[in-house]
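Colleague: So the chains spell out like this:
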Amino acid sequence: MAVIRDVMPAFELAQPNSISDAQKLLEQQGENGWVLAGGMDSFDWLKDRIKKPKVVVDLSGIAELKGVRATPDGIEIGTMTTLTEVIQHPVIREKYKLLAESAELVASPQIRNQGTIGGNVSQDARCWYYRAGWPCYRAGGNLCYADTPEGRNREHAILHADRCVAVNPSDSAPALIALDAKFVIRTSKNERVVDAEDYFIGPDIDITRLHILRPGDLLTAIRVPSTWAGAQFYFEKVRDRNVWDFPLLNVASAMVVSSGSIERIRIAVNGAAARPLRLKVVEDAVRGKPPNATTGEMAGKLAVQSAVPLQFNAYKIPLMRNLVKRAIGGVEEATWTPYNGQ
Amino acid sequence: MDPVQWAIDPWGKIVPIHIAWFLIWVAVIAGLLFIVVHAIYVRYFAKPKQFAPDAVPVVPAQIPEHVPRHSLTARAFHWIMAVAMFTLLFTAFLPKVVVQFDWVTYHWIAGAVLTLSIMFHIVHASFFMDFWSIWPDRIDLRDARRRTLRFMGKPAPPPERFAKYALENKLYHTAIIAAGLSAIVTGVFMMFRVRTIFFPRNPYLFSDMTWGMMYVLHGLAGVGLIALIMMHVYFGLRPEKREITKSMIFGWMDRDFYLKEHDPARWPVEASAPPVRSREAQTEGLTDAG
Chain U
338 MAVIRDVMPA FELAQPNSIS DAQKLLEQQG ENGWVLAGGM DSFDWLKDRI
388 KKPKVVVDLS GIAELKGVRA TPDGIEIGTM TTLTEVIQHP VIREKYKLLA
438 ESAELVASPQ IRNQGTIGGN VSQDARCWYY RAGWPCYRAG GNLCYADTPE
488 GRNREHAILH ADRCVAVNPS DSAPALIALD AKFVIRTSKN ERVVDAEDYF
538 IGPDIDITRL HILRPGDLLT AIRVPSTWAG AQFYFEKVRD RNVWDFPLLN
588 VASAMVVSSG SIERIRIAVN GAAARPLRLK VVEDAVRGKP PNATTGEMAG
638 KLAVQSAVPL QFNAYKIPLM RNLVKRAIGG VEEATWTPYN GQ
Chain E
9 MDPVQWAIDP WGKIVPIHIA WFLIWVAVIA GLLFIVVHAI YVRYFAKPKQ
59 FAPDAVPVVP AQIPEHVPRH SLTARAFHWI MAVAMFTLLF TAFLPKVVVQ
109 FDWVTYHWIA GAVLTLSIMF HIVHASFFMD FWSIWPDRID LRDARRRTLR
159 FMGKPAPPPE RFAKYALENK LYHTAIIAAG LSAIVTGVFM MFRVRTIFFP
209 RNPYLFSDMT WGMMYVLHGL AGVGLIALIM MHVYFGLRPE KREITKSMIF
259 GWMDRDFYLK EHDPARWPVE ASAPPVRSRE AQTEGLTDAG
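Protein sequence lines correspond, in order, to chains U and E. Taking the working numbering, the leading residue of the first sequence gets 338, the next gets one more, and so forth. Taking the working numbering, the leading residue of the second sequence gets 9, the next gets one more, and so forth.
Certain hints may be false.
[Unchecked claim] Restraint-style ranges between C-beta atoms, simulated for each label pair: (1) E:M160 x U:V392: 54 to 60 angstroms; (2) U:Y652 x E:M127: 42 to 48 angstroms; (3) U:F380 x E:I37: 38 to 44 angstroms; (4) E:T182 x U:T524: 44 to 50 angstroms; (5) U:P562 x E:M127: 53 to 59 angstroms; (6) U:S563 x E:K21: 55 to 61 angstroms; (7) U:R578 x E:L213: 36 to 42 angstroms; (8) U:I448 x E:L189: 53 to 59 angstroms; (9) E:D262 x U:K617: 55 to 61 angstroms.
It is worth saying that the hints were derived from the structure and are not from the lab. We put the beta carbon where it would ideally sit given N, CA and C, even for glycine.
Build out the structure end to end from the sequences listed, making use of the hints.
Modeller: Spelled out as structure tokens, the structure:
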């Protein structure tokens, strides 16, 4: 983390009260505009003076972006809904507990009170070389400082690294992928809906972004279909400090078991690559098999088959293998403490 | 509008990191401008080509109907290089301006193909082809001066017909060598920064400043190649150059075109009959004309 030098540099603050106004503002500003949701990621960038937008568009005044709404096919979560609201929402707790579990493991209560679901899935990489303002690939330069012989890369990628080895730090992202969520994006031309897994991109496609939003685009809602409502869920996050920290790795799965066999499953991990990874190969391999330790073991091995460790993160390979194993074979053993409402 | 993108390295030094991407558009616009201006000039202003008469008349029947110009090996090299070059340009610049895709792997593979084909070409051209035929010679320079004077309306004798390659071809080849070799040499070193099958990654091979200069040179060569390739494709499609383009496909050009544009003395071809004109006669012709 870079040293906070002084107060934030000056910028114009725009506080629109509708989605269309916000989108137009962002479109007008292009590269000079900055979307401010809960501010949990933004204020670090601004105080460190690494990012210096001319105009900050604060979305907190847009009522349309807040709250959880029932839809004919599930629920729609406004992207400015706080993580605490997501955790506490009765429908989410009843039918989509996976999302509540993942959201509750994000950072600390204070941060969850302020941080939003849209911000959590759209936050930037936490690689310290990048966050410190070094001219790395992700910052538009020509070197990855973490992927050097002396680079500190204990938290970095073991899969799909392409020049940059930073990972996506979101906890809710793999849960939303497992729930087959759709992300609603307002652009200057239209509104489009993309699958959760397609919202995220790796450095092979664009080394400077973790998601597909371009300047002028706005993530407005996340739709969770009822397809996986009430399924067997598993979420586990491994982090250095259990009080609050970004994930070293996390895993989320939604599974429907019928007659002792896995009928349907979606499983995703994060912290292993620059984007949360849906493990389609694993899903295909375990479908029709019993959700036991043997299947889990096979799935775990399959999940890490193409993993390439860096200097200091080889531990992530057995960690990911075991998380996947537990997500499939150890659902009953999950040590999840439900939210107690306080 | 700085053509170079700069950054501050971890030691506080200002270093270049790559070219500014607007240069892509500068190259495209420059290429298009050249094409438009040239097309207008040829359509409305150009006068018919005039060449100095042959000192010794050529007997067309002694020239084969299909004049061999490019061997199969040379043509194969050209088209392999073309595919590699287009792949390199598309993978380098499309993600910057149009569509994003996983380009790095395709880019270095195409770069490796281009590098190998260029190495082959250097050996092939040096030992199995007429090496000097592609380099400007004294007659080219003298004729260039004559053509320039005549273009400006000043009196000058007509130029000789071309050897195997016109001066324009030779200059283009030189420009491609400069841009291509710059891109290849820097590109080979840049492969030390990504994971390839050739050598282990070593980002510390050079200082930040040297690396930066290398990226800038690679970028400049790349955008230069955009304009050069645009011009090359344009000339390849022009009707009056069709015979030259055809020869790069089939290996030969028509006798009529050969006799119209090329000097059999400067570019002798294998004939069924005895040679049409001796080198000595040609030299005399030069003296007379000059």
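Colleague: Between I448 of chain U and L189 of chain E, does the C-beta distance stay in 53 to 59 angstroms?
Modeller: 54 angstroms, holds
Colleague: Mind checking the hinted window 42 to 48 angstroms against the Cβ distance between Y652 of chain U and M127 of chain E?
Modeller: 43 angstroms, holds
Colleague: Does the hinted range 38 to 44 angstroms hold for F380 of chain U and I37 of chain E at CB?
Modeller: 41 angstroms, holds
Colleague: Falls inside 53 to 59 angstroms, the C-beta gap from P562 of chain U to M127 of chain E?
Modeller: Between P562 of chain U and M127 of chain E, where Cβ atoms are some 56 angstroms apart, the hint holds.
Colleague: That 55 to 61 angstroms hint for S563 of chain U and K21 of chain E (C-beta), does it hold up?
Modeller: Given range 55 to 61 angstroms: holds, Cβ gap about 57 angstroms.
Colleague: Taking the Cβ atom of R578 of chain U and the Cβ atom of L213 of chain E, is their distance within the range 36 to 42 angstroms?
Modeller: Since the Cβ atoms of R578 of chain U and L213 of chain E sit about 38 angstroms apart, the hinted range of 36 to 42 angstroms holds.
Colleague: Determine whether the Cβ-Cβ distance between M160 of chain E and V392 of chain U falls within the hinted range of 54 to 60 angstroms.
Modeller: Because 56 angstroms falls inside the window, the suggested range holds.
Colleague: Do the Cβ positions of D262 of chain E and K617 of chain U conform to the proposed distance bound of 55 to 61 angstroms?
Modeller: 58 angstroms, holds
Colleague: State, for the Cβ atoms of T182 of chain E and T524 of chain U, whether the hinted interval 44 to 50 angstroms holds or is violated.
Modeller: Between T182 of chain E and T524 of chain U, where Cβ atoms are some 47 angstroms apart, the hint holds.
Checked against the numbered hints above, the structure breaks none of them.
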